[in-house]
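S.K.: With these hints in hand, go ahead and build the complete structure from the sequences.
Numbering (the working numbering), first residue to last: 1 to 201.
None of these hints come from the bench; they were simulated from the model. Hints may contain errors.
As the list claims (entries may be wrong) - Just the calculated beta-carbon pair ranges, DEER-fashion:
#, residue 1, residue 2, range
1, V68, G158, 15 to 25 Å
2, A55, T172, 44 to 54 Å
3, A85, V18, 15 to 25 Å
4, M61, G130, 21 to 31 Å
5, F167, P103, 20 to 30 Å
6, A55, A114, 21 to 31 Å
7, E123, L100, 20 to 30 Å
8, F129, A20, 30 to 40 Å
9, W124, T64, 26 to 36 Å
10, L47, I131, 52 to 62 Å
11, Q15, Q57, 22 to 32 Å
12, F167, W124, 34 to 44 Å
This one's a predicted model, so the numbers in the text were calculated from it and none came from an experiment. Ideal placement from N, C-alpha and C gives every residue a C-beta, glycine not left out.
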Amino acid sequence: MTDAGRAATGRLPWQLLVPAVVGLAVLLLPLVGLLVRAPWSTLPQRLADPTVREALQLSLMTATAATVCCLFVGIPLAWLLARTAVPGRRLIRALVTVPLVLPPVVGGVALLTAFGRQGVAGEWLDTWFGIRLPFTTVGVVVAQTFVALPFLVLAVEGALRSADARFDDLATTLGATRWQAFRRVTLPLAAPGVLAGAVLA
Numbered sequence: 001m002t003d004a005g006r007a008a009t010g011r012l013p014w015q016l017l018v019p020a021v022v023g024l025a026v027l028l029l030p031l032v033g034l035l036v037r038a039p040w041s042t043l044p045q046r047l048a049d050p051t052v053r054e055a056l057q058l059s060l061m062t063a064t065a066a067t068v069c070c071l072f073v074g075i076p077l078a079w080l081l082a083r084t085a086v087p088g089r090r091l092i093r094a095l096v097t098v099p100l101v102l103p104p105v106v107g108g109v110a111l112l113t114a115f116g117r118q119g120v121a122g123e124w125l126d127t128w129f130g131i132r133l134p135f136t137t138v139g140v141v142v143a144q145t146f147v148a149l150p151f152l153v154l155a156v157e158g159a160l161r162s163a164d165a166r167f168d169d170l171a172t173t174l175g176a177t178r179w180q181a182f183r184r185v186t187l188p189l190a191a192p193g194v195l196a197g198a199v200l201a
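M.R.: Structure follows, in structure tokens:
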């Protein structure tokens with residue numbers, strides 16, 4: 001057995017094992033508490049309540065719509081970051097990750113300043129098209145897309161970077177356009193990353 005094999009099968013170092021167990025406990029304890037304290041006896045009656053049912057349907061609908069929006073704009077953005085040398089690529093990647101580090105309150109204020117009635121885009125949407133996003137279902141979808149988009153972009157970008165770009169070049173040399181190469185070669189290769197990003201979104 002090689003030295004690497006012995007290291008892989010040796011005793012687990014407590015310096016790594018203890019923090020890993022603590023991290024797992026931090027993740028699991030809230031879920032255990034939720035399961036223990038959940039009102040299981042009255043859950044069927046609560047779910048039968050029209051208000052609760054409507055809230056669940058709205059949440060499912062907005063989450064699905066936000067995921068579709070993330071896929072629609074996130075996959076091309078990830079491709080742009082992973083497969084092109086567009087100027088300012090590092091800046092674009094940094095801007096994509098901004099929603100990940102913004103506190104929820106700051107993110108909400110940012111959305112209002114952008115899409116509120118007096119916002120940068122909201123005032124224009126209201127004046128020209130009569131569209132008002134705050135406190136609407138569409139507004140919820142926009143907010144969810146804003147929060148979830150970075151997860152999908154980063155996951156898909158990583159998948160695209162790990163996929164061999166030579167297959168794209170081979171497809172184009174055989175007569176395929178860049179769009180055809182992306183649709184028939186690149187996207188299938190990056191499918192696991194797209195699926196992971198969609199789940200995270």
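S.K.: Is the distance from the Cβ of F167 to the Cβ of W124 consistent with 34 to 44 Å?
M.R.: holds (43 Å)
S.K.: That 22 to 32 Å hint for Q15 and Q57 (C-beta), does it hold up?
M.R.: Violated, since Q15 and Q57 (Cβ atoms, about 48 Å apart) do not stay within the stated range.
S.K.: Is 30 to 40 Å a correct range for the gap between the Cβ atoms of F129 and A20?
M.R.: Hint violated: Cβ distance 52 Å, outside 30 to 40 Å.
S.K.: Please test the hint of 15 to 25 Å on the beta carbon pair from A85 and V18.
M.R.: violated (45 Å)
S.K.: With 44 to 54 Å as the target window, see if A55 and T172 comply at their CB atoms.
M.R.: Holds: the Cβ-Cβ distance is about 49 Å, inside 44 to 54 Å.
S.K.: Within 21 to 31 Å: is that where the Cβ-Cβ distance between A55 and A114 falls?
M.R.: holds (26 Å)
S.K.: How does the Cβ-Cβ distance of E123 and L100 compare with 20 to 30 Å: does it lie in that range?
M.R.: Distance hint for E123, L100 holds at roughly 28 Å.
S.K.: Check the following: the C-beta atoms of L47 and I131 are separated by a distance inside 52 to 62 Å.
M.R.: violated (34 Å)
S.K.: Range first: 20 to 30 Å. Now tell me if the beta carbons of F167 and P103 are that far apart.
M.R.: violated (42 Å)
S.K.: Go ahead and decide if the range 21 to 31 Å is satisfied by the Cβ distance of M61 to G130.
M.R.: At roughly 23 Å between Cβ atoms, G130 and M61 fall inside 21 to 31 Å, so the hint holds.
S.K.: Check the following: the C-beta atoms of W124 and T64 are separated by a distance inside 26 to 36 Å.
M.R.: Once the Cβ atoms are compared, 28 Å apart, the range 26 to 36 Å for T64 and W124 holds.
S.K.: Does the Cβ pair V68, G158 satisfy 15 to 25 Å?
M.R.: Roughly 21 Å apart at Cβ, these two residues keep to the hinted range, so it holds.
Going through the hint list in order, the structure does not satisfy hints 3, 5, 8, 10 and 11.
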